Structures are given as C-alpha cells and as structure tokens.
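> Please assemble the complex out of the two chains, which come individually in their own frames, going by the hints.
Take a look at the letters that make up each chain.
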Amino acid sequence: MDLSFNAEERAFQNEVRGFIAKNLTEEMKRATALTPSVFSDPDIGMAWQRALHRRGWGAPGWPVDHGGPDWTPAQRWIFESECARAGVPNVNVMGVKMVGPVIIGFGSPEQKNFYLPRILSGEDYWCQGYSEPGSGSDLSSLKTRAVRDGDDYIINGTKIWTTHAHHANRMFALVRTSDGPRQQDGISFILIDMKTPGITTRPILTIGGDHEVNQVFFDDVRVPVANRVGEEGKGWTYGKYLLEFERGSGIASAKLREGLRAITELAESDLTGRAIDSPDIASRISEVEVDIDALEMTELRVLSALQTGQNPGAVSSILKLRNSEIRQAVTRLGVDVIGHDALAVEPTRPLYKLNREPALPEDMLTVVPEYLNGRAYTIFGGTSEIQRDIIAKMMLGI
Amino acid sequence: MDLNLSDEQRLLRESAERFVAESYDADHRRKMANDPLGFSPAVWKQFAELGWLALPIPEELDGLGGGPVEIGILMEAFGRGLVSEPYIATVVLGAALIDKCASTAQKQASLPKIADGSLKLAFAHSERAARFDLAKVATSATKSAHGWHLSGSKIAVLDGHAADDLIVSAHLHDHRGPSGRIGLFLVPATASDLAISDYPRLGGGRACNIELSGVQLPEDALLGDGRDALPAIEWAVDRAMAALGAEAVGIMQTLLDTTLEYTKIREQFGRPLSANQVIRHRLADMAIQVDEARSMALRAALKADSPPVERARAASAAKAKIGKCARFVGEQSIQLHGGMGVTEELEVGAYFKRLVAFDTLFGGSAHHYARHAQLGRITQSA
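Residue numbers (my numbering), protein chains in the order written: chain A, 337 to 734; chain B, 831 to 1212.
These are computed hints drawn from the structure, not numbers from a lab.
All of these numbers come straight from a predicted model, not from anything done at the bench.
We put the CB at the ideal spot given by N, CA and C, even for glycine.
Only true hints are included.
Computed footprint of chain B on chain A, listed as stretches where at least three residues anywhere in the stretch have a Cβ under 8 Å from a Cβ of chain B:
id	stretch
1	341–347
2	626–635
3	652–659
Residues from chain B that keep clear of chain A, each with C-beta distances beyond 10 Å, as calculated:
id	residue
4	A856
5	L867
6	D892
7	D963
8	S981
9	G1007
10	I1026
11	E1041
12	T1084
13	Q1165
14	E1175
Pulled out of the complex, with its shape left as it was, chain B reads as follows (with noise of 0.2 Å):
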C-alpha cells in the first residue's frame, strides 16, 4: 500500500504544471474559445514532443507504457488551465479502444501515428435514444460482399470535427439479422455519406453530431474479430471518467485558488470578505470537497483494471461523487465572486461551464449512484 507519487511521476506532475502556467493563460483561452477548431495545433505537437500523446500506448508500439495514474496527473495539470486539445479524444479514449479491440496490423497502424501527433481519433458512441446507457446502439453495421454499411446518428461527439478517423460503434448485422454484438469501426473522416456537424462545446473544445447514411467501409474497418465491444466500451469509458475526474479536481482546485485570493481582497463593511465566519466556512467546505474528489479520481484510476464490477463501481463512485463537488465547488466559486462572477469578464464562469460539462459528460450524479447501486452492494475496502 502506498499512495505517494514515484519520483517520474512527480516529474510528470512538475513539467505539466508548469507547461500549463508558461504556455496556456488566459489570453489563450480566449482566443481557443472563438477558434473554429477550438485548440492549438502548435500546442498538440508540444504534447508530442513532451512523449503526452504516448503515455498510455505500449511501450513496442512507441509509446510510454503508462497507466492511469500517470494520465490523471496530466489530467488534473490540464484542468488547471482549461486546456482545450482533443486529449481525451484522441489519446484516453481512442487510443484505448484501438489498445483494447484492434487486431496486431491495426495497432501498428494507428498507435505510433496518435503517439507522434500526427493521428487524432474521436469516439462517436452517444445517441440521443440511449441517453446514458453504453449498451444501447441503433446505429447499424451491415455486412455485404464488399465490407460494411454504418447507418444511424451520433451525438455529442468529442472533438469529432478534428478527427482524422472516428470510432464508431454500431450493432453488428449479418444475414439473419441483428447479433446483439455491438463493434467498433475506424470510419475515415473524409468518409463519403458521412456528415459531421460541430458546435462549440460548453467550456471550451469542441463536439458534434454525426449522420451516417450508409457509410461504405472495407472490411478490415472493423476492429478485431468481431466479438462484442461492449465490455472494451465500458472499460474505456470508466477510465475517460476518471481521467475527466482528475481533470475535474484541476479545475476545482483554480476555482477555490482564485475565489481564496478575491474573498482576502475585496472589502465590504470595511474589511476584507473572508473576515466572515460564514465566508471562511464555505471555503473550507469547498477545499474538504475538493479533496474528497481528489482521493476519488485517484481511486477510480488505481482501480481502472480491477476486475469488471469493482472497476465500473470505483468509476461511477467517482463521477456521481465529483460531479457533486464540482457543482458545489464551481456555483460557489460564482456566489463568492458576486456579480463579476456571473460575468464573461472573469474566467470563473469558464471553469465553472467546464465542471457543468464534466458533471453531464457519460451521466451525471444520479445516473451513477444509481449504476453504483445497480452494480451490487458494498462489499470490501480498499
């Protein structure tokens, strides 16, 4: 048993924290927000060159052999800055499906180009029906002597827009019909039949929605053998909610810097905010939720490859219970800052939207104490 971070990993820690102090500020932001893409392609290839793009790819495939610990140190650094590139796009959840489902020949093709920035992925999984439930895909793959057809809609597409492929799920079809096997297809952004719409994302990046009318794919568009995704799906997508945790726990932490600093600055009555009693105590109790969605995010991620059921309940305490945070966190970030807070011309609004985001993205609060509850009771410790 032992929680303290290893020597690389403090070093992870210091060159991200202070890449994000040096590089992302907020002049950058800004500028991102009112970006057609939405982040800094300059920036991506600084995440190259720094090995972040290949931190969680196998070691024979050029990457770094790093785990979920190491991506929510990066990702707690980024959520300090609001950092808007498609890392969670691309490298959490795409390079974890293709780890997790492609076959040797796909990995070889795809891995080394994500590590090295020249390939961005996103995963076009959501549809409106299903609303927070992984298993539900409308979306059809039928087979035919030329390989396969994807029809159907996606929505809330992370960064799909700046994809060069996109992962699409959809049910499997063969001659007698549905086979209640659901997979994973690589579908070129270029695709024809393929129509992506994009939208500014609440909190900065970008999403879309994506229409697939018939979509031809050869074959080997396909990962691996066929065999269900589902479970690879729910694996990548509690760890994405634990990367998104210790992203979360970044931005809180900004939140409760920035609203300390002001409540010691502004006077009102002739003495400084955090004068008050009750001023004080709202702060400690946003620093007391602040560590408690700190020691939760990092427990999804020390437990991200126990075994199924351990795993996702470690991923959904996480979610329901940051998620609870950061709303508290972020709205009263905004009620201590008074009016300004409500404003563009502070950036709390901006950290705040970020946490709104992060609290809806794969089902909020009660979506997952409810998958909690569903996926058994309390068992064992630590």
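Looking at chain A on its own, in the form it has when it is part of the complex (with noise of 0.2 Å):
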C-alpha cells in the first residue's frame, strides 16, 4: 500500500501542471472564482473545454477511440486534483460526462459520429431533460410524452431545474412512448434540438440569486425518431447508468478542500477579524477539513479497486452524499465566518462583469451565494434520501 505517487504519477502530474499554467487565463480564473452557481457560464466554460480539446484531453472518461485520453484511474484523480487546486472553471459537465458516455455505450454509429466531436469540440452545449414538475424523486413518474407521427415524435410537456437550458443548443431527455406495466417501461431516451418550434424556456431563478435552472416547455415539438438513443422504451435503464456517472465521477474532495481553504484564508484575514481566533471557528474548520480528509480517502480507495478492475458499488452513492454534505458544511461555516459582511446583498450577476465597487470585500461576495444556491446539492443527482434509500438497498441489502 502507498499514498504517494509514483515517478510516472509524479511526471504526470508535472504535465498537468504545465498544461494548467500555460492555458488557465485570469480571467478564467476570477470568473471561476466568482460563480456562486455550480456551472461557469459557457463563454468561459466552453473555452477551456476547447483548451483540453486542443491537447487530447477534452473527455477523460471515454475510451480512446473516441478520443479519450486513456488515462489510468490514478491519471484521473491527478488531473482532477489539479484542475481544482488551479481553479479551473467547472465545465458543464451534461456534454462530456453525461449524455457522452449514454451515446458511446448505447448510441448508433451516427449519432456517435455526428455528436461525440461535437461534445469534444465544445460546439454543442447540452442540457439534461429529466426532472419534471409532478416527477422529482419519482423521476419514473414523468409524463412527457412523445407519439410517432411517421418518422417524427410529437413531444409535449414540461421538463424542470434544467440547466443551463437558456444557453444549451441541445437536450438529451426522457420522455414517455408508451404505458408499461411498470412506471420504468415504456420511457425512452432522446436528443432535441433545442431551436426546434414549439420550445420555449421560463428562467426559475435560485434563493442565491442566479440564473442557472430553467423550466421547459414542448408543445408539439416534432423530433425525428432517428434521435431516439437504444430501443425504444429503454430509456430507463440508459438514464439511470447516466446519473450513476452523475454520482459517480468521484473525484470531488480536491475542490471540497479549495472551498475550504478559501474560507480558512478570509478566516485568517483582517477582514473578518480574525474569525479563527474563535475556538469554535478553528475547531469547525478542523472538523470539515478531517471529513474532507475521509472522503478524498474513500475516493482514493475506489480508485484503487477500479485500478484492478474491481466494481465499487454502491460506494457511489457514499460519495454523491458526503460530497453534498460536506459542500453544504463548508458554505455554511463560510456564512459564519464573513459574519456582518453576511448581509450585504450583491445583485448583478455575473460577478466577474461587476463594473462598480461592491457593498462588500470581492473574496466575499460568493459566500452567502453558494451556502443559499448550495442547499440544492444535497437535492439534484438524487436526493440525500434518495442516496440513503440506494445504501440500505445495495449495501445493506434491507
């Protein structure tokens, strides 16, 4: 057993670094650091994704026929590491690590043809069509509803919380063709164009103030039946290997622990007055790096079973979990630490384009933003309980 890297590791952890100092921008990099959403906005997502294009490492998960880099799992966790030690922007990740890996294991060879380039290239931006109004938890509830009219769909419904809609091109979504005996059946697994006639999209606005979710509505919206993904009435089964990928890419402690360290730096400043003179303060803060600690050994621990081919599990669901908790932990002892500066209210959005002085320090101004826009972290990709209820099923067996 071993923590540290290896030379190899190490040379490539090197590259890494490298690659990061000569391609992260500073505008990059404040707009990443002022986004309280979890998304950077596409202009600046999107030309870093062109960036990793440009050196081969634009889809780290896929295989290397599709233009996966062929990294080990121990690649990926530096690579990851890395990009959250530097902060990088948080690429929407509903392209290359979502709807990507749906179309590689269950697309035809023309949708892989046509639309996995354009996922690397950053040419399409995708948004996720799953949620809908009547349908949170019980996602295979969803009524969308798509009939065959010859070689078209006629798709009507809502779908909610989808983000990045108002600047998504495309949507992969689940929609129902047909009344199964069970919920799950008869839902099947599509991609829309999102300039098709008859979508339109309502901005839903969250309590930190940003736009980033969206309501959308289909009102007759003909789709060709060519972009249904897999057999029709199977969409269950490739969503929900989608969202284990959602739960899954496990690697989060890295970016857990720059979250922290930043609240630990406005802490230790004469901004806060010393807030971490505070025993209680300096205590939490050892208390969330010591979980953080936990979860990036977890993480590590996985990584070591995949790196001999070995099947984690449920384990997913731990991550997916504490990840949210521990997020929401270090927002909330970010609120308490910045103290009075807590009330100041920032309005424009987006933060990096704030052409005036603000009410407060800029190291604050995401603070307060991310703890109320955080909540939703223990919501989407499954609730907590939802996560609790996959434990006691796979691992419990109860």
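Laid out in structure tokens, this is it:
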C-alpha cells in the first residue's frame, strides 16, 4: 500500500500543471472564483473545454477510439485534483460526462459520428431533460410524452431544473413513448435540438440570485425518430446508467479542499477580524477538513479498486452524499466566518463583470450565494434521502 | 498510489479474521470479563505462534518487520471479536517505544522476548493533572551515584497489572534540578516501592494506577542516551491511535452487522423493523460512518511515519473522526436493539463500552479536533 505517487504519476502531475499554467487565463480564474452557481457560464467553460480538447484531454472518461486520453484512474485523480487546485472553470458536465457516455454505450454509429466530436470540441452545448414538476425523486413517473408520427415523435410536456437550458443548443431527455406495466417501462431516451419550433424556456432564479436552471415547455415539438438513443422503451436503463456517472465521477475532495482553503484564508484575514481566533471556528474548520480527508481517502480506495478492475458498487452513493453534505458544511462555515458582511446582497450577475465597487470585499462576494444555492447539492442528482435508500438496498440488503 | 492489500496482507487479514471467529466467541469474552487477568495466557501464546507479537519488530531482532498497515489489519480483526489481550500495551506501544528509544543492547534484551511472547510491557505515562497533554509529566527521575530514583503517580496504565516490565516516563532531574527533558525507564513490575492497583477496564481488559515512591533503578534502566523522549512518545501514541482506530472500525462493523440482522428479524406492527424508512436510513448512516472511519484509520496508518506535523495531524484527524463515528454507531446500535440493547444479556453493550473507552483513551474527539487545529492549517491533499 502506498499513498504517494510513483515517478510516472509525478511526471504526469507536472505535465498537467504545465498545461494549466499555459492555458488558464486570469479572466477564467477570476470568473470561476466569482461564480456562485455550480457551472461556469458557457463563454468561460467552453473556452476551457476547447483548450482541453486541443491537448487531447477533452473527455477523460471516454474510450480512446472516441477521443479519450486513456488515463489510468490515478491519472484521472491527478488531473481532477490539479484542476481543482488551480481553480479552472467548472465545465458543464451534461455533454462530456453525461450524454457522451450514453451515446458511446448505446448510440447508433451515426449518432456517435455526429454528436461525439461536437461534444469534445464544445461546438454543442447540452442540457438535461429529466425532472418534471410532478416527477422529482420519483423520476420514472414522468409524463412528458412522445407520440410516434411517421418518422417523427411529437413531444408534449414540460421539464424542470434544466441547468443552462437558456444556453444549450441540445437537450437529452427522458420521454414516455408508451405505458408499460411498470412506470419505468415505456420511457425512451431522446436527443432534441433546442431550436426546434414549440420549445420555450422559462428562467428560474435560485435563492442565491442566480439564473442557472429553467423550466422547458414542449408544445407539439417534432423530433426525428432517428434521434432516439437505443431501443424504444429502454430509456430508463440508459438514464440510470447516466445517473451513476453523475454520482460516481468520484473526485470531489480536491474541490472541497479548495473551498475550505478559501474560507480559512478569510477566517485568517483582518477582513473578518480574524474569525479563526474563535476556538469554535478553528475547531469547525478542522472538523470539516477531517471530513474532507475521509472523503478523499474513500475516493482513493475506490480508485485503487478501479485500477485492479473491481467494481466499487453502491459506494458512489456514499461519495455523492458525503460530497454534498461537506460542501454545505463548507459554505455554512463561510457564512459564519464573514460575520456582518453576510448581510450585504450583491444582485449583479455575472459577478465577474461587475463594474463598480461592491458593498462587500470581493473575496466574500460568493460566500452567501454559494451557501444559499448550495442547499441544492443534497437535492439534485438524487436527494440525500434517495441516496440513503440506495445504500440501504444495495449495501445492506434491506 | 495503491491502496489494495498485498497478498501477504490479505493472508494476514484472513488468518486474523479466522482466528477471531473460531476461538473468540461470546463464552470466551464472558469468561475473560470475570477473570482477574482479563485475558488468556493460552491465547497470548497462540499470538506468538502466529507471529503477531513479532509483527512490528525489526527482522534482525527476530521480528517480521511489519508496519502500521499490518498492525491495523490485525487490530480490525481483534475489534470484531473484542479481543482483550494486551496487544496495544506490549506490541503497539511497548515494542515501538523500545525500538525508537532504546540502545542496541536494550533492544536486543527486550524485542526478541516480546516477539516470542515471554515479555509483556505496559506504558505508564498519563498523569491526572496532565489530562491529555503528553508533554506534561510531573513524575521525576533523579540521578544519584547508584542510578535513578523515580517518584510520582501514573493513571490509566493499560494492562499494567500483567506487565513484566513497565515503561515509565519521568521528568529527568540532574544536580541542577529539572532538565526539561522526559526520559523513559524500564521498571520491573516487581520493583520495591512500586504500588500497582488494577481495575477492570470499560469495555474489557484491565488497567491500573501506579504509585512510584522513590523506586530505585540502575543507571541502564533509562532507555537510550537521555535525550528528550517526548517526540518518541508522541510518535508512539500517534501510532497507537491509528491502531486503536482500526480496532474501533472492527468493533463498529460487528455492531453494524449485528444491528442490521436484528432489524430484519425483529417484527413490530406486523413487519420487520427494517421495513421502516427511518430505520433503513439510520442503518445507511451507520454504514457510511463505518466506511469513513475505515478510511481515516487507514490514512493514519499510512502516514504514521510521515514528518511529525503531517503524521500528528493525520493521527488526530483519525482519532477525532473515528471517535465521533464510534459514538454514533455505538449509540444507534443500542437504540435499534431497543430495551434489550441496554442489558448485559446481549453483547451490543460490551462492544459499545469498548467504543466509549476508545473515544476516551488518549483524548476524545474535542481534544483531537483542537490538536488538529493547533498543529496547523489545511496544507495539501493525499
């Protein structure tokens, strides 16, 4: 057993650091630090995606023949950790990490040839049509319906919590194509061009003051049957496959550590009257840091298991659950650390384009919005309650 | 970067788990709880035969040259059976302190005997006024023409009643007075002016308080050359905390398994307890905390020989986090067993008590979060 990296891995680490130093602009860094929502705006995120793509690193998890870099799990860990440490943009995961693997796994050759290169290059910007107003945790009760009409489906219904639908030119969606004996049956996985007539998008502002999610309406939207991925009625299987990717990307601790580092620096600063001198704050910082250590170690254990071809199983639910809870603990700590400055609201978005003096120090601008928006971490991608159900069922057999 | 067990480590785990499952049952534990020694000399002999007493001792001194990870593997298995043999006292603390501090001659005299099971040790360090501060030692060692005089009181000495020799820490005094250095002394349990009063320990095994009233020792009773032993003590206690953390993981895993089984069998309102979501989620939380504890124990073991600050932060992180997890898993195991969990008729309580003892030993969660904070700020990952 060995926690340290070998010579090859250290060489790769240097390579990644060199790449980041060369390609991460000050503008990208500042924009990322001043984004209190989950993902960077497309102008920032896609600029980074294009840089990654030029280097052949656009899709770390993909197989080599579709443009993946053929990294070992340890290399992926190093890459993600270095990116977190440097504060690179948070590229919207809907393309590379979500719809990409589904198309690779279940798509037709035509779909692979058309969509995959456009995901890699950042030419297409994807959003996810899963949740509906009536279907949250009980996702398979979804009602958006696709009715066959010749070579097309005609889609009617609505999707909600659609991240970056207002930026996306494509959506992957779960739609009901028939009513099976179980509600999971009769769901199909379909790719939709967002410019198709009949699609409208309504912004939803989150409590931190950000426009990241939307509601999308479908009113007799015509989509070619050729845009269906895999078999009709098997969409639930593909969708679940994708959700496992969403939960189990498995490398979150480095980002949490950077978040805590930023809060700790604020706590050590005169701006907060040295909040860290309060034993309560100091001890809570340690408590959160230790929780991050535990998560990191679990991630590394999973990684080691993956290196030898073992399947980590339901531990991806543990990773998702703990990541979301610790993230909330970090942001909660942030609010407590900045004290009275938590009262100041800066409504301008994006914050990195603010062109006047804000009411509170720049390093604090995202603290309260991140805490408020961050309540969503234990809700999206399967709520904490759903994760506990999965752990009880898959790990404990009850 | 590789956290998979090697073949040797896997074999060690299998043999330890098999031994505990086959020879360490509830009857044995009950017998030991009422035994004046608190453990079985026959089992200790088996430990020697299996090579476990030789595990961390260097190969040139009849040992196996194993490290903290191997110790952790063994301790986790011990935890599953609530083993009460004085392994921490003799092997994890005793052998480590001798290996770190003693002269070559002293090592040659002690370590092979630990390995073959003929020498048991105990570490007498804690004092009432010091609480969990390892640097605070009032017991004094005064140099005279004939050697050393030791005076002072020690508390919570693990398995001191069974030790052949005690390793006693004392503040070194020379003719000018206190030197500011701590020394470690090998004190025969049979020495005169030494009073040992032992008591049954919470969760199994025994511990004792010790009075040293001018115990006279030869010059070579001092381990090593008289340099300050505090860094070695901190190093050894950090190692012991990693090992105890692994033991706690084994204890928690047994409690989780037992509680899970019980909630499947126990029926109320016409269905098993485990059919209720509130119970399933509680068990999921317990499983998560066992897993987090496992990660932290392994991390502390892997960093047990890192530079002092990194090592100490990892040890305190593990002690604090595992202590928190242990309290939760232990308390919830009792809660989910209902009234029966509060009785001596089930073993849940015995496992719980060992976890409470774990959390207290060398300082609880609050102490170690504070130590972790004092030792520095967030620096690097893995």
